[in-house]
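Take the given structure of chain Z and dock chains C, D and G with the ligands to it, following the hints.
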Amino acid sequence: MTYEATVIDQERLTADVFVLTLDCPAIAKEAEPGQFVQVKTSNLLRRPFAVMDLDRAKGTIRLGIHQVGKGTNELSQKRPGDTLSLLGPFGTGFSLAEAKRVIVVGGGSGIFPLLHLAKQAKRQALPLTSILGFQSRERSFLADDFKDLSDDLILSSESGDMGLTGYVTQGLQAYLEDLSEPTSSQTILYSCGPIAMLEAVVSLAKAHHIKSYVSLEVRMGCGYGVCRGCPVDVYKGDTIERVRCCVEGPVFSGETVVFDSLRGEV
Amino acid sequence: MTYEATVIDQERLTADVFVLTLDCPAIAKEAEPGQFVQVKTSNLLRRPFAVMDLDRAKGTIRLGIHQVGKGTNELSQKRPGDTLSLLGPFGTGFSLAEAKRVIVVGGGSGIFPLLHLAKQAKRQALPLTSILGFQSRERSFLADDFKDLSDDLILSSESGDMGLTGYVTQGLQAYLEDLSEPTSSQTILYSCGPIAMLEAVVSLAKAHHIKSYVSLEVRMGCGYGVCRGCPVDVYKGDTIERVRCCVEGPVFSGETVVFDSLRGEV
Amino acid sequence: MSQLNVMIHHTTFRNPILGASGTVGFGRELSRLFDVSTIGGLVSKAVTPQPRRGNFAPRIAETAQGMLNAVGLENPGLEQFKREVLADFSELNCRRIVNLAAGSIEEYVDLARELREADIDGLELNLSCPNVKDGLSFGSDPKQIEGLMSRVRRVSDKPVWVKLTPNVTSITDCAKAAEAGGADGISLINTLLGMAIDIRSRRPILKNNTGGLSGPAIKPIALRMVHEVYQAVSIPVIGLGGIRCAEDVIEFMLAGASLVQVGTLILSDPATFFELPRELDKLADRLGVTQITQLIGQLKTW
Amino acid sequence: MSQLNVMIHHTTFRNPILGASGTVGFGRELSRLFDVSTIGGLVSKAVTPQPRRGNFAPRIAETAQGMLNAVGLENPGLEQFKREVLADFSELNCRRIVNLAAGSIEEYVDLARELREADIDGLELNLSCPNVKDGLSFGSDPKQIEGLMSRVRRVSDKPVWVKLTPNVTSITDCAKAAEAGGADGISLINTLLGMAIDIRSRRPILKNNTGGLSGPAIKPIALRMVHEVYQAVSIPVIGLGGIRCAEDVIEFMLAGASLVQVGTLILSDPATFFELPRELDKLADRLGVTQITQLIGQLKTW
Ligand SMILES: Cc1cc2nc3c(=O)[nH]c(=O)nc-3n(C[C@H](O)[C@H](O)[C@H](O)COP(=O)(O)OP(=O)(O)OC[C@H]3O[C@@H](n4cnc5c(N)ncnc54)[C@H](O)[C@@H]3O)c2cc1C
Ligand SMILES: Cc1cc2nc3c(=O)[nH]c(=O)nc-3n(C[C@H](O)[C@H](O)[C@H](O)COP(=O)(O)OP(=O)(O)OC[C@H]3O[C@@H](n4cnc5c(N)ncnc54)[C@H](O)[C@@H]3O)c2cc1C
Ligand SMILES: Cc1cc2nc3c(=O)[nH]c(=O)nc-3n(C[C@H](O)[C@H](O)[C@H](O)COP(=O)(O)O)c2cc1C
Ligand SMILES: Cc1cc2nc3c(=O)[nH]c(=O)nc-3n(C[C@H](O)[C@H](O)[C@H](O)COP(=O)(O)O)c2cc1C
Ligand code: FES
Ligand code: FES
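Protein chains in written order, with this note's numbering: chain Z, 2 to 267; chain C, 2 to 267; chain D, 547 to 848; chain G, 547 to 848.
Okay, chain Z solo, but in the shape it has when bound (with noise of 0.2 angstroms):
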């Protein structure tokens, strides 16, 4: 589970976000859609983060970075040659097992695992609609890729200079009215990206009845399950069971997530 990974390439989509292609066999064969890497730098602790994509062939991963703190910052000066150690790939990902079709959306950095996600899709023949989320035109990022996996893309900017005006939820709700009754029982929702905008996307899936899958951010420490730092209460029935977002996450069945208990967290 600790591997010693080298930098292949560093590309830069956006001027805080960045993505880092990493050759790492073992985790390239493993990581499953949603799964997540722990990635040490000078901090004490290791960060988490998606794998977003992955080359099982070649044994690389790639990893979608949004520049925002100490640690990120120091892994956007890293370039081919340097060596990373990660841990994983951790925690229950994504699974597609039921699904009929897909609705995959993202905010912000959330959208990193779904690019994942998207691709198993597509290799699974699902239909695919993608719902993005960005600031604006000049900070969307990955929407090319969304594009050609897609059989629908909808994209919104809070400035309004690309796609539809507002939050990535109006663009969803829009989708959501239109979509016929028969089809939406075979559809789920994976989402993920700020509590806020999930704990919206969930809402609206409930009220059209539409599974949704949601994968939480949730501050770590250890990342595998020994720390207790990172609970997330999930409704089991009428009670409420407090589990780990590390092991027992970081995706959960979005109508069972507790949103109250996450305030706080970003």
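Read the hints as simulated data drawn from the structure, not as lab findings. Idealized CB from N, CA, C, for every residue including glycine. Misleading hints may appear alongside valid ones.
Quick list of the computed label-pair ranges, beta carbon to beta carbon [to be verified]:
#  : chain 1 : residue 1 : chain 2 : residue 2 : range
1  : Z       : ASP56     : G       : MET547    : 25 to 33 angstroms
2  : D       : ARG662    : G       : ARG599    : 54 to 62 angstroms
3  : Z       : GLU12     : D       : ARG746    : 26 to 34 angstroms
4  : G       : GLN777    : C       : ARG264    : 19 to 27 angstroms
5  : D       : ARG824    : G       : THR847    : 42 to 50 angstroms
6  : Z       : ASN74     : C       : VAL267    : 48 to 56 angstroms
7  : D       : ARG746    : G       : GLN837    : 53 to 61 angstroms
8  : D       : ARG824    : G       : GLN837    : 52 to 60 angstroms
9  : C       : SER204    : D       : GLY728    : 33 to 41 angstroms
10 : Z       : THR3      : D       : ARG662    : 35 to 43 angstroms
11 : Z       : THR15     : G       : ASP831    : 21 to 29 angstroms
In silico DSBU-like links for lysine-lysine, alpha-carbon gap of 35 angstroms or less [stated by the list, open to error]:
#  : chain 1 : residue 1 : chain 2 : residue 2
12 : Z       : LYS237    : G       : LYS846
13 : C       : LYS123    : C       : LYS41
14 : C       : LYS79     : G       : LYS828
15 : C       : LYS101    : C       : LYS59
16 : Z       : LYS41     : C       : LYS71
Covered stretches of chain D, as calculated for chain Z (at least 3 residues, CB under 8 angstroms) [unchecked claim]:
#  : stretch
17 : 644-658
18 : 803-817
Below, chains C, D and G with the ligands alone, put in the same frame as chain Z:
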């Protein structure tokens, strides 16, 4: 006093000694032999290094660095084009004002500040004897530079594979025993190295009635006089005065240093 | 090859390196990924009388060479622990210590009594949790520590270590009280109470507002306390706080620790933790130490 | 441009950033190299009744994002301070606080009395030095703190800040005692007692064996204590411990600090210290804070 210096060159002298050439005109202009700079690493406190050499015209300085721990290991990774934050130059260095003849005695990394001094002595056309001690030939450095500058060069090695066998003090003792009375009164000895070596050097110099100056390496907080982290006890007449290594030193008149107060420093 | 084994209160540890409470769970995840027979032992997550859900997220905040945690003693509670966890924990091929936390002396005594027959190598009483009853921390009142320990002593023959909080004026008073009460060892230190703030939301990062500081940042404090306590008591000291490498282990042993525990390191670098005994062996060799126990308390103060 | 000035006990500080005792000497070196009119003030090195030579070298040891110091209060003593240092110190173009340390209540009172007429902006009583007389630290006994402060109060009209040691079980008890004694402000925190060990020599690195831990490592502890004390007293809190940037300053102010002090940073990066007020201004602007005092104590706990 705060400068951003660019690394011009990194030259390895032995397995654990290297030289950094830095572009830093302001320090190159000012630094006297024996003065030091405070170099920033990723550690909390800066690391003090003597200015080993400088080129006023080019605006460059050279630091000779012995790799002994976290900070010096980090500095060994610096390459041309990298920048380093420096404070300095600090301290009271060596003075050649009263010297008619010069002996420099250096052990290990204590040799670095003496190069700057030897060059100054050469410029002032002062007769120069250099007595340098190393662990072995393989671990020796700068011997050729001193050869070019010195009228007399006495090398020693603990392993015995270069020059005299044993400590640098044995070379010094042999040299002093050969010295004629009139010469010794015009001669000033300058030394830098481990505390134990300096103590022995000073006592030899005293025994031969030669004035000595020693440069001390005491653990420092600031390097410029505000924290009182670097005490050195010196005799002032009959009393002992406690002064700062970083401001009143690092160079002190050998006879005045109370070496007993420094047990625990390297 | 140095001799790494350490014997205290008739228990032999194959080496002095244990995993600290709260950072190894109940051993399940680690024993699946690593060979626990390379380390000296594991100290379980705290077990409390009743199940505890702990605090809400966020429970973790990073600081300069440290981290704050406010897990809030999440654990299944004694009954479920005995029913579903203890058997696996007992089977771990290393020394197994169960960490206990409670809100009153009676509860600690109950916990210890209930584990009297368990197949484990000892108990560690975590005295850092705030006593809700009278607003005082158990861990900061020597009288309570002695009373508590002597009551526990009466119900259990297992080795009992008392784990002290560093948030006190005099750690030696607390340690002496534990010894007077019959403790077999003193574990220190637990975390220092701290806070981290997000200037944009103007809120503490932790939902619990405050949390416990661990990691390299606290090592100098831990070393000082181990040194002080080693001189004040004659029972073994188990040292921890910020250990990341074999040098750190030796520093703690010189200061007086018979055993050490490793906490925060396990979160970021579990493999390094499991390699520590080997690194310790190599370093001891380089230092010419043939028996690791020769280091205990050998610090020469000025 | 935000308003950075802060007024407490009728003294206006042009901004809330001061240099901490022990890391600015008596202002001489810094005022030669930098323009002290950019900062809020400087707190002098501790002045004691008699001259003190302090401890032997080594006095400094580095730790993970921290440092230990055992300077041992080296200073010229009150008489020489008044004769040779005070005039220059008084001329500094920023607020000037004199830090005082002594071994008994009487000595503190004498120091304060002797500086009654001095042209300075206040006194800071450093209560962290061990009281050799009865083995207790002044700083850890609320009764002594109150007694000491009320005696000092009677002899001096100058603003008096009491600087507390964090090495105590209850920082709020100490702060409340200082307030009850008539203090005008509470400075916290001083350093945490720690130790660093050289495994080769098997000796403490510091000749004094132990030393005071400062720097970023201790910031979480300092923030927690400032927050606790802010809620417990109604006099201003002066916060310090590990501050390195404008964000840190704002964290301390949100936790309850009216002013902050910067210590260890000045040793490594004096220029950064003198730029802090400007950085604070910029950050306050970005956060939409027009008056820096609007931040004081505005932490919203969960
Ligand atoms: C399962 C999972 C998958 C993730 N996948 C991605 C991804 O693919 N791409 C991406 O850009 N980001 C992802 N994130 C978020 C990413 O981990 C944080 O942005 C990153 O840790 C910030 O580190 P920093 O040092 O730059 O920020 P700082 O703010 O300096 O970090 C301080 C501390 O807070 C933690 N932290 C800060 N933000 C977050 C966050 N949003 N979630 C969890 N911890 C946080 C850090 O890990 C660190 O411990 C993921 C998070 C989780 C939990
Ligand atoms: C005035 C002066 C001039 C010096 N000039 C040179 C020089 O030209 N070339 C050279 O190689 N070395 C020189 N040194 C010694 C050099 O500063 C140390 O070797 C260096 O600080 C070690 O840093 P580190 O992080 O690698 O070691 P670590 O052991 O990891 O350092 C830990 C701490 O101890 C301090 N420390 C360790 N060794 C020394 C030492 N010998 N003296 C002072 N502080 C120490 C460090 O600065 C740091 O704060 C000089 C020291 C002084 C005081
Ligand atoms: C996430 C986390 C949870 C912890 N939980 C417990 C606990 O349940 N019981 C306990 O006695 N100590 C607990 N601790 C404290 C550690 O056992 C240890 O005393 C402390 O972290 C210092 O060691 P370190 O710096 O090596 O981490 C916990 C520490 C962490 C980081
Ligand atoms: C070298 C040094 C000397 C100090 N001397 C004193 C002192 O004389 N009086 C005092 O009250 N505090 C003294 N302190 C403590 C600081 O004023 C401050 O409380 C502490 O260092 C925490 O702040 P920091 O983390 O910003 O350094 C000293 C600190 C250092 C590093
Ligand atoms: S992060 Fe440690 S249990 Fe999930
Ligand atoms: S190192 Fe600070 S006074 Fe000399």
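Does the Cβ distance between ARG746(D) and GLN837(G) fall inside 53 to 61 angstroms?
Given a distance of about 18 angstroms, which is not inside 53 to 61 angstroms, the answer is violated.
Please check whether SER204(C) and GLY728(D) have a Cβ separation lying inside 33 to 41 angstroms.
With Cβ atoms ~58 angstroms apart, the hint is violated.
Using the Cβ atoms, figure out if ASP56(Z) sits within 25 to 33 angstroms of MET547(G).
Given range 25 to 33 angstroms: violated, Cβ gap about 53 angstroms.
The hint says 52 to 60 angstroms between ARG824(D) and GLN837(G); measuring C-beta to C-beta, is that right?
With a Cβ separation near 59 angstroms, ARG824(D) and GLN837(G) satisfy 52 to 60 angstroms, so the hint holds.
Confirm or reject the coverage of the stretch 644-658 of chain D by chain Z under the rule of 3 or more residues with a beta carbon closer than 8 angstroms to the chain's beta carbons.
It is violated, with 0 qualifying residues against the three required.
Supplied distance hint 48 to 56 angstroms, evaluated on CB atoms of ASN74(Z) and VAL267(C)
Given range 48 to 56 angstroms: violated, Cβ gap about 36 angstroms.
Does 42 to 50 angstroms hold as the CB distance between ARG824(D) and THR847(G), or does it fail?
Roughly 45 angstroms apart at Cβ, these two residues keep to the hinted range, so it holds.
Examine the stretch 803-817 of chain D for residues whose CB is less than 8 angstroms from any CB of chain Z, and state whether their number is three or more.
holds (count 7)
Do the Cβ positions of ARG662(D) and ARG599(G) conform to the proposed distance bound of 54 to 62 angstroms?
58 angstroms Cβ-Cβ, so the 54 to 62 angstroms window holds.
With the threshold set at 35 angstroms, check whether the alpha-carbon distance from LYS79(C) to LYS828(G) stays at or below it.
33 angstroms, holds
Tell me if the beta carbons of GLN777(G) and ARG264(C) are separated by a distance inside 19 to 27 angstroms.
48 angstroms, violated
Per the hint of 35 to 43 angstroms, is the separation of the Cβ atoms of THR3(Z) and ARG662(D) within bounds?
39 angstroms, holds
The structure fails to meet hints 1, 4, 6, 7, 9 and 17 from the earlier list, while all remaining hints are met.
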